[in-house]
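Protein chains in written order, with UniProt numbering: chain A, 1 to 255; chain B, 1 to 255; chain C, 1 to 255; chain D, 1 to 255.
Among these hints, one or two may not hold up.
Ranges of calculated distance between the beta carbons of each label pair, as one might list FRET restraints [unchecked claim]:
1) E155/D / E158/B: 42 to 50 Å
2) G115/D / S117/C: 37 to 45 Å
3) D109/B / G180/C: 40 to 48 Å
It should be emphasised that the hints constitute simulated quantities derived from the structure, not laboratory data.
Idealized CB from N, CA, C, for every residue including glycine.
Each chain, written out:
There are 4 protein chains.
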Amino acid sequence: MDQLEVDAVAEAELDDPVLVEGLPGVGHVGKLAVDHLIEELAGESTLVRRIYSREFPPQVSVEDGVSELTCTEIHAVSVEDGRDLLLLTGDHQAQSNEGHYVLTDAFLDVAEEFGASEVFALGGVPTGELIDEYAVVGAVSDESMCDEFEDAGVEFREDEPAGGIVGVSGLLLGLGDRRGFDAACLMGETSGYIVDPKSARAVLETLEELLGFELEYDSLDERAEEMEEVVGKIQEMEQQQGMDVPTDDDLRYIG
Amino acid sequence: MDQLEVDAVAEAELDDPVLVEGLPGVGHVGKLAVDHLIEELAGESTLVRRIYSREFPPQVSVEDGVSELTCTEIHAVSVEDGRDLLLLTGDHQAQSNEGHYVLTDAFLDVAEEFGASEVFALGGVPTGELIDEYAVVGAVSDESMCDEFEDAGVEFREDEPAGGIVGVSGLLLGLGDRRGFDAACLMGETSGYIVDPKSARAVLETLEELLGFELEYDSLDERAEEMEEVVGKIQEMEQQQGMDVPTDDDLRYIG
Amino acid sequence: MDQLEVDAVAEAELDDPVLVEGLPGVGHVGKLAVDHLIEELAGESTLVRRIYSREFPPQVSVEDGVSELTCTEIHAVSVEDGRDLLLLTGDHQAQSNEGHYVLTDAFLDVAEEFGASEVFALGGVPTGELIDEYAVVGAVSDESMCDEFEDAGVEFREDEPAGGIVGVSGLLLGLGDRRGFDAACLMGETSGYIVDPKSARAVLETLEELLGFELEYDSLDERAEEMEEVVGKIQEMEQQQGMDVPTDDDLRYIG
Amino acid sequence: MDQLEVDAVAEAELDDPVLVEGLPGVGHVGKLAVDHLIEELAGESTLVRRIYSREFPPQVSVEDGVSELTCTEIHAVSVEDGRDLLLLTGDHQAQSNEGHYVLTDAFLDVAEEFGASEVFALGGVPTGELIDEYAVVGAVSDESMCDEFEDAGVEFREDEPAGGIVGVSGLLLGLGDRRGFDAACLMGETSGYIVDPKSARAVLETLEELLGFELEYDSLDERAEEMEEVVGKIQEMEQQQGMDVPTDDDLRYIG
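Please model the complete structure; the sequences and the hints are all you need to start from.
Printed below as a string of structure tokens:
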């Protein structure tokens, strides 16, 4: 295997699409959001690229006994009455600093190939506590982009995200900007303790405003209810035992 | 030393051989299994390749005062009344993510060189507790392979192995598939606490069904008895002291 | 992104300038010092180079919602009645051993490009306890440099810094020397517990002696007062609770 | 800086020299031994090579205020009535797996350049407790070398060193063997808790038998006495406080 191998699985004609990234991160917000998009827009979408790399963890996932090598998938979506999309999803991020740079450049190469000049990185910003209201915090590669995003309900806050944005989401902003893309990162507030379907919904509702597609949220809402039950039970246990609030690691099976 | 150095120690004519991998992993199941094969089939086998690499830990093993540089060995076995074999064994895995990809490609190169198009990776799947019955769980690179394996007693389970398969075993499936091999991973259930000769035996019995060779198990059974004595003693100590069940690290001398 | 990308943002004519480095380190002394220089000499200075690299952490910083990719900046300063300067500042060091060597060579390349043959690395040397007097300890690439520095108040101590000098500051001495530069490292004593504006001031006062520029210190003194208040409060808490003196990590927000 | 830079500091004519390596390791036995050789044979020796590398930690050591970039030094020694020597010493090992392979090959390159075909790696083998008798345990690259070493008092033990030999010492055996050298590792028994001049002396006395030079041991014996005083004091403290025996880390200042 080379450092990067991009499989052209199929082709698609898109008109000025937007690359939307949802790799695993805080609260899995970005991943839940993009996976939901892929599910909801399945009728109009085509898997176009699979990206394999030595920068990914050396492993296969196994489903019903059949193995699949770690990769990132890109789906092309022709959206009626909305912007065309390139949806980027996967189960793993790169495993080294250099790997993040290499993979982000690969994603932007595919975006350019399909004529995209805009990038949205989706993720979560941790609040440290369970919340009821879900704001969407933004970061953009150029100041001129702020107004449009604020109109769509995105909040630009003075000291957030503290510590900047790390990993592929951050580099899509940083390298995207250097390569002439308009890049933005939308981060749903989330506790940081759980996989958070409600935060993913908040981010998607903002995207609906910005990109024109329309979504149903039934399956995400179902997952949110399951999560709430589980969190409720854990909080009970917590009170009985004086435990710390469990971290996202403890709750990995849940969601 | 280059990144990879493959020493051709000897040559052998094989007919459509199967590559069988047994590097160290969970419970050392794969390693015990392949080392046992090498021992039992010594009469029909030739050491053909030694693979050295900067990806291996920088060390030598010492036996009776004589040093040997870390490497992986491949033995060619001409089996009467059974499939020909390429047996891959060693004491160490690669030490970096990239290293796993590089070494797995090197193993598949040697397999291709000898005309192999099938790969078996052997390992263990941890149950978290000492067990009496030893199922063999499977993963394959293509769905079409399942029936034959199920007939041989391999179980394909919906949620196992959780977290997929990591390291060379996983990549033999992933990269093997991309390079046109039929690849399978057979994992003997094992506690994960001890080096497990019984689990190795379960995996080998499955391989006998699939590949046609016949084995004696005396030496493996002896090791299993030794392990049981030791485990018994530790469980006694445990009850006396309220210790946790020891991990595989604690028991490294044993086996 | 290549391993290194040097953006020529602007040009400037300098006469035998001195490269002065202030990347983050012990007590952030070097960084505070150089950032103060950039602030105070803003009238005479031009941002000439931005250095991006895969060796930097893969992240963007976000200020008022706008992202900026990790980089190191070099400002050219034409100082009246003093030595011309190349001021090197940034928020991050390289993330790997090799990265430090690569980036230091890049900084020296820029220095050569502007005709510099002298390098000052600024930093802190930890004392392990809060102090009142701030000596400036020195290290030079060649013995012949000691006298001039001692005249300016720099102390050369027999056993300090213990363990040598690590990171870009150390390599500016080591690689600088190999490339024909006169290199020196000035380290202000600091507790190691806090970001230390007083230590930065001590280092700057020494530089004033050596390089001829003149500085005001109002903003640094203000920060020093804020720090003292905070430290005072923490010492009170400490006495009440019997806590250890907080480390620099605990006080990261402060400064 | 390239991955490797070998400075030819001076030249020397040697007759079939032996490369003797003493980089830091267990108990600093190898380093103490080679540094003692360099000190004792100063009259007949010339510093011939300095090896710099990106594989070394990015730092400079500072002595009396003057910096020196991390490197390995090789001294050529013309020994009257004994084998000629190439003495390899330094303060640091490589910082990555690959780095160990790269540096060991560089050391062997220099050895070949001076006509050497034999290598001695010196080190310590930890016993886990303070000892009075100091055996020297051996490992060789070829069985035929054992007799000569046993005659000189080296012990070849069945299960030692457990876990093999790691780092440059191990690779001098492993890569040395592949490149046609006769390679041996001599390891003085040592507790593993302290820098151990007595162990270094035991190894040097064995070398005297094997290589013909004659040494005085006054300075090493002095250091051994200092260590014993310190260890005595620590054992007293230990008894008073019920402390664990301090590790080598705790005693780094001592020696």
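**Asked** Which earlier hints can't be squared with this structure?
**Response** Failing hint: just 1.
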